[in-house]
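Colleague: The chain contents come next:
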Amino acid sequence: MEQSATGSAIAQHAIALTINGQARQLRVNPWTTLLDLLRENLALTGTKKGCDHGQCGACTVLVDGKRINSCLTLAVMKDGAEVTTIEGLAEGEALHPMQEAFIEHDAFQCGYCTPGQICSAVGLVNEGHAQARHEIRELMSGNICRCGAYTNIVDAVEAVLGQNAGATP
Amino acid sequence: MMRFAYQKPESVAQAAAVLEADPAAQIIAGGTNLVDLMKYDVTRPGTIIDITGLDLKTIAVDETGALQLGALATNAETAYHPEVQAGWPLLASAILAGASPQLRNAATNGGNILQRTRCYYFYDRAEPCNKRRPGSGCGALEGVNRMHAILGESPDCIAVHPSDMAVALAALDAEVSVEGPSGKRRIAFADFHRLPGDRPEADNTMERGEIVTGISVPANPFGPHQTYLKLRDRLSYAFALVSVAAAMRIEEGSIAQLRVALGGVAHKPWRRKEVEAQFVGRPANRDTFTAFAAALLEGATGHGQNDFKLELAPRAIVRALEQACAGTPQDQACKVVL
Numbered sequence: 001m002e003q004s005a006t007g008s009a010i011a012q013h014a015i016a017l018t019i020n021g022q023a024r025q026l027r028v029n030p031w032t033t034l035l036d037l038l039r040e041n042l043a044l045t046g047t048k049k050g051c052d053h054g055q056c057g058a059c060t061v062l063v064d065g066k067r068i069n070s071c072l073t074l075a076v077m078k079d080g081a082e083v084t085t086i087e088g089l090a091e092g093e094a095l096h097p098m099q100e101a102f103i104e105h106d107a108f109q110c111g112y113c114t115p116g117q118i119c120s121a122v123g124l125v126n127e128g129h130a131q132a133r134h135e136i137r138e139l140m141s142g143n144i145c146r147c148g149a150y151t152n153i154v155d156a157v158e159a160v161l162g163q164n165a166g167a168t169p
Numbered sequence: 170m171m172r173f174a175y176q177k178p179e180s181v182a183q184a185a186a187v188l189e190a191d192p193a194a195q196i197i198a199g200g201t202n203l204v205d206l207m208k209y210d211v212t213r214p215g216t217i218i219d220i221t222g223l224d225l226k227t228i229a230v231d232e233t234g235a236l237q238l239g240a241l242a243t244n245a246e247t248a249y250h251p252e253v254q255a256g257w258p259l260l261a262s263a264i265l266a267g268a269s270p271q272l273r274n275a276a277t278n279g280g281n282i283l284q285r286t287r288c289y290y291f292y293d294r295a296e297p298c299n300k301r302r303p304g305s306g307c308g309a310l311e312g313v314n315r316m317h318a319i320l321g322e323s324p325d326c327i328a329v330h331p332s333d334m335a336v337a338l339a340a341l342d343a344e345v346s347v348e349g350p351s352g353k354r355r356i357a358f359a360d361f362h363r364l365p366g367d368r369p370e371a372d373n374t375m376e377r378g379e380i381v382t383g384i385s386v387p388a389n390p391f392g393p394h395q396t397y398l399k400l401r402d403r404l405s406y407a408f409a410l411v412s413v414a415a416a417m418r419i420e421e422g423s424i425a426q427l428r429v430a431l432g433g434v435a436h437k438p439w440r441r442k443e444v445e446a447q448f449v450g451r452p453a454n455r456d457t458f459t460a461f462a463a464a465l466l467e468g469a470t471g472h473g474q475n476d477f478k479l480e481l482a483p484r485a486i487v488r489a490l491e492q493a494c495a496g497t498p499q500d501q502a503c504k505v506v507l
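First to last, the protein sequences are chains A and U.
So the first sequence is numbered by this note's numbering: it starts at 1 and just counts up by one.
So the second sequence is numbered by this note's numbering: it starts at 170 and just counts up by one.
Isolated chain A, as found in the complex:
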């Protein structure tokens, strides 16, 4: 058993998470972030560690449908939550419309920020606060792309928002 800074013994905690539709029973240390749990313990390495300080958005995942920075989230605090990562967006072989749109619009270069961009964009669409391009830009500002694919990322998100608008009578 590990010890705290003040020398007292620290217990692991049992948590239940539904990750990409699959129920998991896990034991975690209090200091394990959701990001490290996904990548190091569950081999879900699609979610990326960029800055590890909530500044770049590469670690964005959906928790109970809402986009958050998994690097600033302690796994122990998410007992009972539903987590969706980039690995959980496709339905079998059929890509999520946002994944299709990123390919269609060439919305990445190196691809490192892309899983976070796509999860963030899915969250943005769910939230329903962006329509125009300037609103997409503002509400995607938590995701940094050092290759500078921003214009095409906005194109991809705009296309999916357009498809959704078209689907509503």
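Think of the hints as simulated: they come from the structure by calculation, not from any bench.
All C-beta atoms, glycine included, are put in the ideal place defined by N, C-alpha and C.
Treat the hints with caution; some may be incorrect.
Partial chain U-side listing against chain A, Cβ under 7 Å, derived [what the hints assert, rightly or not]: (1) A174; (2) S269; (3) Q271; (4) Y289.
Quick partial rundown of chain U residues pointing at chain A, CB under 7 Å, derived from the structure [said to hold, decoys possible]: (5) G222; (6) D224; (7) P270.
Since the structure of chain A is provided, determine the placement of chain U on it from the hints.
Modeller: Below, chain U without anything else, positioned relative to chain A:
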């Protein structure tokens, strides 16, 4: 991160008791600031007390017309709530001016007003900082201080409070509800945060063991005449260099009521009610706003790299007052100067 223990109490009283009994314990909710500070080893709690299970998530308008915000309602839930957008657009706008969508989805209202400064010296353990390690000195005073205070600072600390939400709450005369070992009390927003003086390690006036449970914001008569203007190094997702929460009531072209709070310039949102009162009855025009800006900023001093704020702040105040006067909508997504 240092190792720490975890507790999840089921009541505010339980949480307060743990906090009071264990000097190394700290409260966690959204975690967006605390986890970051723990990763930088700036703070080392022996135990974190997870209060996210507590029933403090309300967003509602009470019978007096005041907005009651639970400490654990998220920034996103608050800013996009229809009642908040309709009655307190200044607050909604200020919240949406801060952080990123991901952070606002996690960050809570209580945590927002309790977040620590982003002063580089506070974050860098190799540097002196009286706020992080009392008595070690202030690295920013003669150092890299572009972001730093021009008002209310002390020789021990020139850090600024980073919150946008708090600037709006100051302008709107909010009250903070806290609960602790000696019971419940309400703290006027102007008395919640403090100036650094010779004790910069204390950001606010809460006692050990107290927990923020909610924020109350009275109804206001400002209608569309309220605005939040934030100036920063990039157009979004950056801390303010200078920000202005401005609200006014106009009668026949004259100022009937005036509220202005500034962010990015001091250790707490900067507001002077006595200066606001002096300008009631004056015509609502640029000359008046310019004179007001000079009065509000009286005594401001630069520290080298932040000298530009002495020019930027009055211009921002005039601009925000003109926007508030005109009732210009303040969509934080729109970066066009209208």
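Colleague: Given a cut of 7 Å on the nearest C-beta pair, is the interface hint for U:P270 held or broken against chain A?
Modeller: holds (5 Å)
Colleague: Min Cβ distance, U:Q271 to chain A: is it shorter than 7 Å?
Modeller: holds (5 Å)
Colleague: Does the interface hint hold: is U:A174 within less than 7 Å of chain A, judged Cβ to Cβ?
Modeller: Check passed: Cβ of U:A174 comes within 5 Å of chain A, closer than 7 Å.
Colleague: Can the hint on U:Y289 be confirmed by a CB-to-CB distance to chain A that is less than 7 Å?
Modeller: Since the shortest Cβ distance to chain A is 14 Å, the answer is violated.
Colleague: Under 7 Å, Cβ to Cβ, is where U:S269 needs to be relative to chain A, so tell me if that hint holds or is violated.
Modeller: holds (3 Å)
Colleague: Double-check U:G222 for me: the hint is only fine if its C-beta lies closer than 7 Å to a C-beta in chain A.
Modeller: Result: violated, 10 Å to nearest chain A Cβ.
Colleague: Was the hint right that U:D224 lines chain A, CB cutoff 7 Å?
Modeller: Violated. Min distance 16 Å.
Checked against the numbered hints above, the structure violates hints 4, 5 and 6; every other hint is satisfied.
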